[in-house]
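> Here is what each chain is made of, one letter per residue.
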Amino acid sequence: MTTQAFLQVIASGLLLGLIYALIAVGLSLIFGLMDVVNFAHGEFLMLAMYATFGLVLATTLDPVVLMPLVVALMFVLGVSVYAGIIRYAMRAKANPGMVQIFATFGLALLIQGLAQYFFTPDYRNIANTWLGGKTLNLGGVFLPWPQIFGGAVSLAVFAGLYWLITRTDFGKALEATREDQGAVALVGIDRNRVFALGWGLGAALVGIAGAVLAIFYYIHPQVGGTFALIAYVTVALGGFGSIFGALVAGVIVGLVEALTTLILPASLKSVGVYSLYLLVLFVRPSGLFGRL
Amino acid sequence: MTQSSAAASSMSAFVASRRRQLITAFVVFALIALVPRLVTDVYMMNVLILTLLFAALSQSWNLLGGYCGQVSLGHALYFGIGAYATSILYVKFGITPWGGLLAGGIIAALIALALGYPCFRLKGHYFSIATIVIAEIGLLLFHNWDYAGAALGIQWPFTPDSWWTLQFARDKAPYFYFALGLFAVTWLVTFSIVESKWGYWWRAVKDSADAAESLGVTIFHSKMAAAAISAFFTAVGGGFYAAFVSYIDPDSVMHFRFSLLMALPAVLGGVGSLWGPAIGALILIPLAELTRSYLGGAGSGLDLVIYGGLIMIVSLTRPEGILSMIKPAVKREATA
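So the protein sequences, as listed, match chains F and L. Those letters in the first sequence? Residues 1 to 292, by our numbering. Those letters in the second sequence? Residues 293 to 628, by our numbering.
Only chain F is shown next, with the shape it has when bound in the complex:
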């Protein structure tokens, strides 16, 4: 194979990996904050994609312009899910881990069912966008603009998150709450408020991913499942709760997936990622950057 074709695979894998990282980071954030795995994360992504689709239909504006609105809606969704479900799941005295798993699984099925009922199982896509259909030719390596835009947004989001967590009061409250949930109450931080904002932020982050993805990917009620497992693998590979880990793991997953297609049939492209993930986990049971 030519160098050019190889570079093409690497570049495509890198861009996809940045989007995987963006999808995964909200999941990792919530986990780091309160030890809860949201099994409805893929459905959050799917809702954000439909929200983008619906808003584009209603306003005929470009999806890029509508992103802030989608992200705001997702923030509200995240806070509501925390207030309506997670808060109660965390109070369970018996089998708390299982209650969280199955409460969020139940939510995932519910959202999927509602999406199927209201939007039908049909595949949709957003046509006629500014970015759609355009490709950048980089010395023989072709990169579609929507994916470049997605990669850029992902990097910007990670930079923003870094700033938010290290430089703002909310970030400090977030960090303090992850360190010691009991002690923060003593210094006057309302734990529930931090958790609610954390869920809002987590959902907003996957909302950004959904809005980006909606520009170049098909939208249907099952689309969450396609990306959710990759997101769980990304988070576990990077280490639950590690923001930086999600970025590195996302890029690794994207690259490995792209490289796997060079050796295995396309239908087995995930096998490379899954095997690598298991391999890493057996050496480092808490992921690459997880706290041991």
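Not one of these hints is a red herring.
Some but not every residue of chain L turned toward chain F, in silico, with C-beta under 7 angstroms: (1) LEU414; (2) TYR599; (3) GLY601.
In silico DSS-like cross-links for lysine-lysine, where the CA-CA straight-line distance does not exceed 25 angstroms: (4) F/LYS93 <-> L/LYS498; (5) L/LYS489 <-> L/LYS415; (6) L/LYS415 <-> F/LYS93; (7) L/LYS415 <-> L/LYS498.
Simulated from the structure, these hints should not be mistaken for laboratory data. What you are looking at is a predicted structure, and each value in this text was computed from that prediction instead of being measured. Just so it is clear, CB atoms sit at the ideal spot from N, CA and C, and this is done for glycine as well.
Keeping the supplied structure of chain F fixed, place chain L upon it in accordance with the hints.
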């Protein structure tokens, strides 16, 4: 009362309560065995067979997930292995499904042991996600395995009704009795193990993994035993399912939804309890089947709404499972 006589009387109370549980179980099994005499509707019969099958599967899952606290979300792998082993041995080699059930069970148990070795080092969510991923790898491999029919799967030939080939086209009652038998066996296995030393170790692992870990290698062995027994019966259930539906493909036996369907009845009914999985299956399976046939036409999604909503509500309001509503002391009894 002296200490030793107190111990003796609590021992005899324990034996009496065990005997009572056993008698109750036999009465329940006997009553269930009468059901085919009352139900003639083929559709209802199918729902009941699936209910018993998933009661058995969930009981098997409960050994590892409920008593041992290792929340596996990848049991579809073992279910699929059982279904494929039974189908391949029967369709390609003419070996009776009974042999296939046994072979599938043994293969699944060996795979569970091989996977348990690295996986039991993983804690909590890391363990659960690893099990999902391993099952997903299995699904992808079967999708691409030409010998096993790849995505097209394996069709069982049409043959006359016979216990030898486990094929009953006209009267579904034999399937019902097979499923009941499987459920009774898994119940009895659970019943006899949970009060043995393994059972105590499992609960020790579940209640405090770190403390149990300090007891070292015995804990690891007891976890491995739970995984192997759990996988064995899950695969037997998978093999039976293949004989029952007579056609399998990767998505119809190894899809993630089967992993959920095995865990959910136990969670809804009451994890780590003797009757929780059965009660959960009794509610969940008919509900899933009936909502699918009455509301799920053309993928309307309403069945998922009801199903998902119910799972959410029960797990939030009854974290100890539905069984705890009927018998509040259930949890205490298990850890006493």
